[in-house]
Amino acid sequence: MTDTITAPTIEYLLLSPLLVVFGAAIVGVLVEAFAPRYLRAAFQVPLTLLSLVAAFALVIFVVVKDGVPNKAAAMGAVAADGPALFIWGTILLLAFVSVLLIGDDFVPSAVAVPGSVEEERAVSEGAAHTEVYPLVLFAVGGMLLFAASNDLLVMFVALEVMSLPLYMLCGLARRRRLLSQEAAMKYFLLGAFSSAFFLYGTALLYGYAGSIDLSKISTSLSSVGGQDSLLFIGAAVLGVGLFFKIGAVPFQMWKPDVYQGAPTPITALMASGTLVAAFGALLRVFWVALGNLEWDWSPVVWAVAILTMVVGAILAITQTDIKRMLAYSSIAHAGFILTAVVATAGAKQNSLALSGILFYLVAYGLTTVGAFGVVTMVRDPGGEAWHLSRWAGLGKRSPKLAMVLAFFLLAMAGIPLTSGFFAKYAVFSAAVSGGAVALVVVGVVASAIAAFFYVRVIVLMFFSDPAADGPSIVMPIATRGVVGFAALATVVLGVFPQPVLDLASKAAQSLFVR
Amino acid sequence: MEPIVEHSGGVIGASWLMIAFPLASAAILLLGGRRTNAWGHLLGVFAPVASFVVAVMCFLQPSGRYDVGLYDFIPGVAKVGLLIDPLSITFALLITGVGSLIHIYSIGYMAHDPERRRFFAYLNLFVAAMLLLVLADNYLVLFLGWEGVGLASYLLIGFWQFKPTAATAAKKAFVVNRVGDFGFLVGLFTIFATFGTFAFGPVFDNAAKASNGTLTAIGIMLLIGACGKSAQLPLQSWLLDAMEGPTPVSALIHAATMVTAGVYLVVRSGAAFFPEGATASLIVTIVGVATLLAGAIIGTAKDDIKKALAGSTMSQIGYMMLAAGLGPAGYAFAIAHLLTHGFFKADLFLGAGSVMHAMKDEVNMRRYGALRALMPVTFITFFIGYLAIIGFPLLSGYFTKDGIIETAMDSNAILGWLAVIGAGITGFYMSRVVFMTFFGSKRWADDVHPHESPSVMTWPLIILSIGSIFLGGYLILSNRLMVYLGPAVGLPEALPQFHPFSPTGLATLALVALGAAIAWVRYGSAEVPQVAPRGSFLTTFARRDLYGDALNEALLMRPGQWLTRLAVWFDNKGVDGVVNGLAAGIGGSSGRLRRIQTGFVRSYALSIFVGAAVLVGAWYVVGNL
Amino acid sequence: MELYVPILVLAVLAAGFAVFSVGIAPFTGPKRWNRAKLDAYECGIEPTPQPIGGGRFPLKYMITAMLFIVFDIEIIFLYPWAVTFDKLGVFGLVEMVLFIVTVLVAYAYVWRRRGLDWD
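Residue numbers (our numbering), protein chains in the order written: chain A, 817 to 1330; chain B, 295 to 919; chain C, 17 to 135.
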């Protein structure tokens, strides 16, 4: 045993976006503790938004100051490289717009049994769960860390920091309490189950490589011999944990139930931010730690990608609930992105595929937030109108809103002049140049199937007669702003994709730090 | 031809503003809705004027061929950029200059229309699309503009959609243009397949390397597109019906600018796909001559003043097409005639609009007569336009049309003489229009009180008529336009000399005079019956647009209907069977797969567990291969 | 791989024993029911009486348990630091203070929200 322990060094500037978000979350908890009830929201909303903006500004500041960094900060625990910073920026942007969606969708008192006297009392007292904001900040901080963690334990901690607040947030829907609580319970149980897989995989990989550091695992692949079973089982089990988070088939079951039950702004955050973060982590594990093992994992990921695209697209067809439909669409999109994950071959090809994925994540994230934003606007007396039959004839009742949603759906279908087109183009062309032609063929077929159910909604909105007692349209100013911004971004990325494509390829240039 | 050079910054670099002004204005007017009613028309006028200023500034820059890249649309495949060269600048000046005048005129013409703002929005949209068409530096963006003007044309023809005839005419224009656009699209695909790019520079540079057959095929396909847009035979039938639109629209879109897009396309692609003596070029000249005669003949029999002018437009564009098919010797004359035609035809149309304005929207010339004293400004400007179009010596049309006829005569005597005959018929039908409208006895209804139009309408007429007088001479004498356009379209081996009294020119003048004289005898000195007499077989032939619609119906519509019926049958029985089967299969599997989603968390966990087991197993197997 | 053979054998044996025991019981055991046998097994003592409505614990137990875990873990983190705090120096001190403050924030929240009150 050595007598001296050198104190670790921490690159505070590089980590500052993370620190700001977590710091704001802790301050948010203090506000919850000490501020009187009527002041809490007035504190929390600006605090949350400002911290997200500040973190975003810091990301830009880091890049502007010293160029794109490419190092492992905090003693190799957190990667600060081009992709990490790009993903941070993306997550912060998506979180910002998702937070703006948060309105009166949350339950006044979560502990009260639905329909009970306590709940009525909470409503009459005007109670509100402003804890939502610190919880979102914790989740966002976890997302940031998850996508940038450079060793498996930090990644696991980040996974939990990201997931636990989300489990809770899922159960806080103001209306349809039981569905919401059921969603939270399912998400928690299955999430814990998959976390166990992740941890088990971490342990096995540690047993194989003697390290939890991603780059050390990578180098050990060539030096350690005779322990292949540990490696394969460990990698596969670790993969299960990650595939669960992106909702790849056969680990997708939670997604429709949870997306449906969760309050819609939280669904928007999960469908955009969590997906981005999970893909960041997935890429790090598969490309950095297991990069030299590509020949072994790529057939497996091929199969998963095909299943994900096909099952997601096919199951979406028979959905009658718009949130479930969007959930299945999210599954299919995860499959589309997976096609570029397997398209590895050399640094140049990798950075091509990576930049495609990064662009996809931005484009899809914004479109998805916009689509869920529209969902929050269409209301029945009992809450949001989820059933598709309620959306019939919306084009006649509220043409602008219907057109915006139609536009988002077309973007998800990948119609030219929308961001979705370039996103698909980017990942599919990367996959083709990476030799995954068959995968792209399946992807295009799945896109065609997917286009069917997107267009079906459009047809329903514009070519059916509106019901006599159709849903009403609620348009809070913030939600309108978010939807407008998302629509604008979808247009701009569809017509002028170049700046963001350039940014993505610049971020992807140096690939992940090793 | 000069090579195209990349350019950025400066005035040329800001040339995109030309398109941005009218586009932004259209967006504001359409999105702003009724809120912009009060000042919408002023904004609508400001936009093309601003574009005109930009165009003039670009024109004043040192001449050259500049490619202004705007951005990469699909990296490596499609860029969006503008080509600023003498040809495109010339068009931009015409579109924004004449366009501005027509916008100003429309303030007065549409003053009583409750939808005036929407009208200006569409006009702006048209100007933006048309500028995009002529300024594009590649075929893809050109096609975007091409479709844009088609859309604007559709919207404006059907602007008074409460009139069933207008709605039908709009639909007809749209459908006929589809046929042309289809040809254009096939041409585009072939270009991309052959050259791997849409950009003008590389396509023109590498054209020599492609096989003759390919070039001819592309040429013919582009020509089909041009025929649709420019109302050339056999896709001419929509133009006459398009006169259902408001008159400024007829002046701007269906006379001065949009219908010349086909000529632009042929001249722009000339060096690559329509070289002198090639099959495609020959077809262009034949189409041009056939159309110039057909249009002129239709013009002789129409009693509707706008339709008579529309026939004339067809005919004049036929002249331009003819010249465009003659190679570098003809390009300058094609463009020169296009420019002067832009002025005098806009002048004539706006004059006709002014007359209609005075006559409670009456269009039948048999109900006009003796208007010259009551509408002096309209009469004088109209008369100048008339003299210009028939080629009265020293007016614009004289120089430009004569140039085309001379060039055609040099190339092929048959083409030349047919063009001369066309000029003679022009003399007849235009004189007929003037005599029936302004001379003779008054034949209008009792409740009509003709009056001169407001000055916001007459001033554009005056400016246009001044252009109709001098522009032709300015462009043609000492070959100004030809030398200016040279870098963009190429020069002929020897510059042509202008002969004031060439035999061809004299013959043309004689025939024009003869035509005018016949018209005077029939319609000037004699009493014009208020109801059209039955007329001979030939008159009926011309009145029925040379049976163009009947021909379309017999040759295209009926077989087309049969074909669609067959296709529908096949589609129902064959394709739908497969598709429905597929859809049912997918839907069915969706339904079955859906049952796995039981809603029980235990079964989800089981699925995760089984999935993990399969994943581990698969990985293990693959890893140990 | 040989390293795992004994473990594998043990696993198979254990599984086999379990399956055998459970499988054989219905056939060999006597089937005499009484009330005590049908009760939930709670280490042989009488089952705790349940609140009315059955099967629910008050949430308070949970909160207390969770609070215990939080501070338990805090102590676990404090131990290694306490052993090496002089070697880690100021850095270690600052980090530890930050850690404790962070946990204190949670404590403050619980306290202000009356999570520590039993009623």
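It is worth saying that the hints were derived from the structure and are not from the lab. Some hints here could point you the wrong way.
Some chain A residues judged to face chain B by a derived CB distance under 7 Å, without partners named [as the list claims (entries may be wrong)]: (1) A1008; (2) F1009; (3) F1048; (4) A1052; (5) M1069; (6) V1116; (7) F1301.
Built from N, CA and C at the ideal position, the CB exists for glycine as well.
Consistency of the hints with the structure:
1. A1008: Violated. Min distance 10 Å.
2. F1009: holds (5 Å)
3. F1048: Holds, about 4 Å.
4. A1052: holds (4 Å)
5. M1069: Nearest chain B Cβ about 4 Å off; hint holds.
6. V1116: Holds, because the Cβ-Cβ distance from V1116 (chain A) to chain B comes to roughly 5 Å (cut-off 7 Å).
7. F1301: violated (17 Å)
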